[in-house]
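*Asks:* Heads up: the protein sequence lines correspond to chains X and A, in order.
Those letters in the first sequence? Residues 375 to 768, per our numbering, in order.
Those letters in the second sequence? Residues -19 to 534, per our numbering, in order.
Check the hints yourself; a few may be wrong.
Pulled from the structure, derived: some chain X residues nowhere near chain A, Cβ distances all over 10 Å [unchecked claim]:
#, residue
1, Y587
2, I652
3, R655
4, W656
5, M679
6, E681
7, N716
8, N725
Derived DSBU-like pairs: lysine-lysine, alpha-carbon spacing no greater than 35 Å straight-line [stated by the list, open to error]:
#, chain 1, residue 1, chain 2, residue 2
9, A, K59, X, K688
10, X, K531, A, K138
11, X, K607, A, K270
12, A, K270, X, K556
These aren't lab readings, by the way, just hints derived from the structure by calculation.
Even glycine gets a Cβ: it sits at the ideal position worked out from N, Cα and C.
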Amino acid sequence: MNRTRIIFLLVLLVALGVVAVGLYLRRAGGVEPLIQGPQTLEIRVVCALPVEPFVTEAANRFNAEGHKLEGNLIRVTVIPMDGLTAMSRWERGEMEPFPTVWIPDSRYLVELVNATFKEQRGRDVFLTGGEYRTRPIAISLFAWGIYASRADVLRAKFGDINWSVIHDAATAKGGWPELGGKPEWGYFKLVVPNPNKNVGGLVAMVAAAGEYYKKTSINVADITNPQFQKWLKELMDAVTDFSSLSAYSVENLALFGYSMGDGGQLLESDLLVNMAGIQTRWADPLVIIYPEYITWFDFPYTIWMGEETTALEKNAALEFERYLLQPDIQKLAVQRGLRPANPDVPVTGENSLFERWSSQGVMTVVPRTTAMRSPDREVLLALLRWFDLNVTER
Amino acid sequence: MNPRRTQRSECGCLAASLVGFVSLLALMVAAGFLLYNRITPSSGNEVTLRVGYTPEKAALFETLVTDFERTRPRTPDGKPIRIQATRLDPDTMLSQALRGELDVVSPDSSIWLSQLDDAWYAQGNELPLVGETVRYAVSPVVIAMWEDVARSLGYPDKALGWGDILARAQSDPQFRWSHPSTSSASGLLATLAQFYAGAEKTRGLSEEDVTAPATLNYVGALERTVRYYGEGEWAIIEQVLSRGREYLDAFVAQEQLVIYFNQRSRDKLVAIYPIEGTMWEDHPLALLEKPGVTIGQRQAFRVLSSFLLSHDVQMRILSFGYRPTDLTIALDDPSSPITAANGVDPTQPQTTLQVPSPAVVQVVRDAWYYTKRKTNVYLVADVSGSMEGEKLAQAKEGLLVFLDQIRGPEERVGLIKFSSEVTHLLLLDEMRRNRAALVEQVQALEAGGDTALLDAVEFAYSQLQMLGDSERINAIVVMTDGKENNSRWTLPRLVDKMRRGNQSGVPVVVFCIAYGDDADMATLQEIAEATGGQARRGDPETIGQLYKILSTYF
C-alpha cells in the first residue's frame, strides 16, 4: 500500500469518525446538525379535549407519513385545551407557544374570540369564508347518560326522562327512597362538569334553559329571571362535586360509578368511549337517552390568520385539515364515538361505537328533535357569573 | 533510490500517520465525552421534576418512581428526566407549592387542589396554579373495623354508618376508634361526614350548618369517643399491624389499607362503606403552572403521566390494592386483591357525600378544632448539659412549632424540664391563658446538668393521674438526647406504675423523642409501649418536623 493510499484511508476513517461522533451526539440531543436541511413547518394545534385523542392519532399518522409542502416537512403537534380555557387565553394574549390552529368545542367560541380580536385589529382573525374558512372536523351531541337501574326507577315514576324529571329527582328531599329507589343510593346525584373548567358544563345549563322555557334561543333576560335561577340552583345543588374532579365529567361517571353520579346530560362521544369501562368497572350499565332540545359540538378547524404565522404555515395547516377530513381518517373519529364531518363516511361499520352500544339506546340517526341555537357572549357570561356566585361558593 | 531506505521511510511515515490518527481519534473521543457529559444528569441539561406526594401511598409511589427511572426516561427531544420525590403531608405540600418549591404535586385527594388554587388566588394571582392533572389510582374512604366488632353491629346484613359508630362509642366506654387529623384526606373526609351527619344532611352543607350549635354538639359528642388522632392513616395502619386488636376497634382509612392489612395479618379487618355516603381519595398528579415552568418540564410531566397510566403500571397499582384508573382493568381480575376475602367490596360505595366549596371545607377544618376531643398534654424537655448549643436551639424551635400547631384555645398544655432535677415550669392550663407564658418559658430554656429522665416522666404522669380527667386525651411528649443517669425511679417501677395506672385511672399515653444518636431508644421504647404511645428518632434537622407530626395526635 503506498503512502497516498494510506493517507486517503486515514482521511476516510477520520471523516467516518466525525460522522459517527456527530450522529451519537445528535442522538443524545447535544448538538445542532452541521448543515441545515429543509425547514420543518411546525403546526401547533390547540385542540378541545373531546376530540384530542382523535386529532392526536391523526397527527401521529400524518407525521409518520412525512407530508411535505414546497419541500418542507410538516410536523403537527397537538396541545389539548378546554374551549373556554383556550378562549380566555386567546383574549388575554397568553397563547404560548403561539398556535397555528385552534379546534374548540364549538363554532360559537370561535365567533366570540373573533369578536374580541375584531375590536383590537379591525378584522377577523378566523375566517368564515374562502379557502381558510372554519370547517367542522367531527360532531357530537349532548345526550342523557344514566345508570340503567336509576333510569328504570325514574321512568317508572315520571315517564320520559328530561330536565324537568331530573329537577324533580334532584329536589326530592327523601332522596332515592322517595323516588322508588334503594335507600343506599342516597340522594339523586347529577353530573354536570364545572363550567369554568369544561365548556360542557355551560352547554348543559343552556340545554336546561331551553327545556325550561320550551324555546331554542336563550337570552340574558331568561338567565337572570329569578324563578329560572331558583330552578337551576336546585338542579346544580344535586351535583356531587364541583372541585377539580369535575373537569372530567363522564370519566368521573365511569371511575366512581353511581356512587358519585346517577347520570347527566353529557357529550355522546364521551359516553360512548367510556361505556365499556363503565360496564367493566360497575355491574350496572349506562343507558343513553336523546333529549328533545338538542345541543351539540361541531369542533371547527380554525386557522389563525394573523401575522404571527407565515403563509407557508397557514397552508401547511390547510394540508392537515384536508387530511383530517379524508374518509379513512374520519373513520378513526367514528371509532372514538364522534359523528363524522365528512358526509361520505357512515357512523356504522367496523369498530363503530354507535353499533356496539345500540342496545344501550345509542342511535345512528337521531330522531327529529329541536336544535338549540348557539348562545351569545352575554348569555355565556351571565351564566358563568351566576354559577360563580351561586354554585361555586355554595 | 535504495529500496530499503524507501521501505523504512514509508514505515516511518505510516507510523507517524498512525500515531497522528490515534491521537486525533483520542481527541475526538475526549471531545465526545466532554460534550456527552454536558448533557448527562449531572450537568443541568436534564429535566428535573420536584414531586411532592402524601405519606399514605409511600410504598406505591416510591416503587413507581423507581420503576419509572429504570426506564431511563427522556423528553421527546432527548433530555433525561429526573424525579426528585419528597414525602409531604398535604399542609406542607401546599405551603411548598405556593412558595414555588415543587413542580408537581400528588396529594391524596383533589380536595387539596381546590384549596391550593384558592390560596394561590388569595396571593393575587388570576390564573389557577393547578394545571394539567391526571389520576392514576383511586380508593374510597372507609371505616376499617375488626370483623367480629362489625358483626356485633349487624354487619354484613345491616348497612352501617356514622350513627352506628356514635351509638356504640357512647354505650361502650371500652370501644376505641380513631380518625386522622384534618391534615390528611381521610381525616378531613371523616370529619366532613360527621358534620353532615350532625347537620342531618347528605348534601348542601353550608357554613351555617357547620357552625350551628346542634351540629357542633353532635360532632363534639362523636369526637369525645376518639382515642386520639394522628398524622395519617398510614401511621394508624402501622400501629394496628404491630399492636393488633388492643390498639383500636375501628378507624378511618382508605380501602387500600384494609387490603394491605389483611394481606399481612391473621386477624381480619372489614371495610364499612358508611350508608350516609363516603368520599374518594383520588390521588391526582398535577403539574403546577407557576411562573417559569419550562417546556421540558411540561414534556417530562407528560412522560411521567403516560407511564403511570400505562396498562402494566395500572396492573401494578391494582396489585397494591388501589382501584386503577384504567377502566379496561376489571376489579374482579383474577389477580385483583379487591375481594371479600380481603374485607372489601368492589361494588361499593353506593353513594358519596357532596363535596362542599373550598370555603366551607375551611370552616369545617376550623370548626373541628372546637369539636375535637380536647387534650391535657405535658411537654417534658431534656435540658441536660449535652443539649447545649445548636441542639437546644433546634429543640426549642421544635417545641414552639408544637405549640403553634395546638390551635384550640381550650387545649391544655403544661411544661416540665429536666436535667439533674425535674422542674415544673408551667402548670397544665388552657392555651388561651398560657400560650404566651409557654412560649416565653421555652425560649428561656438553658442547658446544664445530668439526665433525670424517669423522674420527669413519672412526675408528669402523676400530675395527669391526679387530675383524673377522662373526658380529654391525656398525653406526655418527652424528649431526651442522652441516657438516664440521675433518677430515683427505675425503669421497671415506672413501667409498672404506668401500666397499672392506665388500667385503674385515666389512660395516659406517652410519646417519646430520641433526640440524636446518643439517646437511649430502648428505654424510650419501653416507656412508650407501656402506655400505647410511640417512640421516634429525631435530630436537630428533623426535630421541628417531628414535634409537628406529634401535634397531630392531639
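*Asks:* Look at each hint and say if it fits the structure.
*Replies:* Comparing the hints with the structure gives:
Distance to chain A confirms Y587 (chain X) as a non-interface residue, since its nearest Cβ pair spans about 26 Å, more than 10 Å. For I652 (chain X), the condition that its CB be more than 10 Å from all CB atoms of chain A is violated, with the nearest at approximately 7 Å. Some Cβ of chain A comes within 10 Å of the Cβ of R655 (chain X); the nearest lies about 6 Å off, and the non-interface call is violated. Not every beta carbon of chain A lies more than 10 Å from that of W656 (chain X), the smallest distance being close to 8 Å; the non-interface claim is violated.
Against chain A, the non-interface label of M679 (chain X) holds: every CB pair exceeds 10 Å, the least being about 25 Å. The Cβ of E681 (chain X) lies farther than 10 Å from every Cβ of chain A, with a closest approach of about 23 Å, so its non-interface assignment holds. Every C-beta of chain A lies more than 10 Å from that of N716 (chain X), the closest at about 29 Å, which supports listing it as non-interface. The Cβ of N725 (chain X) sits about 15 Å from the closest Cβ of chain A, beyond the 10 Å cut-off, so the non-interface label holds.
Distance restraint check for K59 (chain A) and K688 (chain X): the Cα-Cα separation of roughly 30 Å lies within the 35 Å cut-off, and the hinted pair is therefore satisfied. A C-alpha spacing of about 27 Å is found between K531 (chain X) and K138 (chain A), which places the hinted pair at or below 35 Å, so the restraint holds. Only pairs whose Cα atoms come within 35 Å are accepted, and K607 (chain X) paired with K270 (chain A) is accepted, the gap being roughly 34 Å. In summary, the hint linking K270 (chain A) to K556 (chain X) is not supported, as the alpha carbons are separated by about 46 Å, beyond the 35 Å threshold.
The structure fails to meet hints 2, 3, 4, 12 from the earlier list, while all remaining hints are met.
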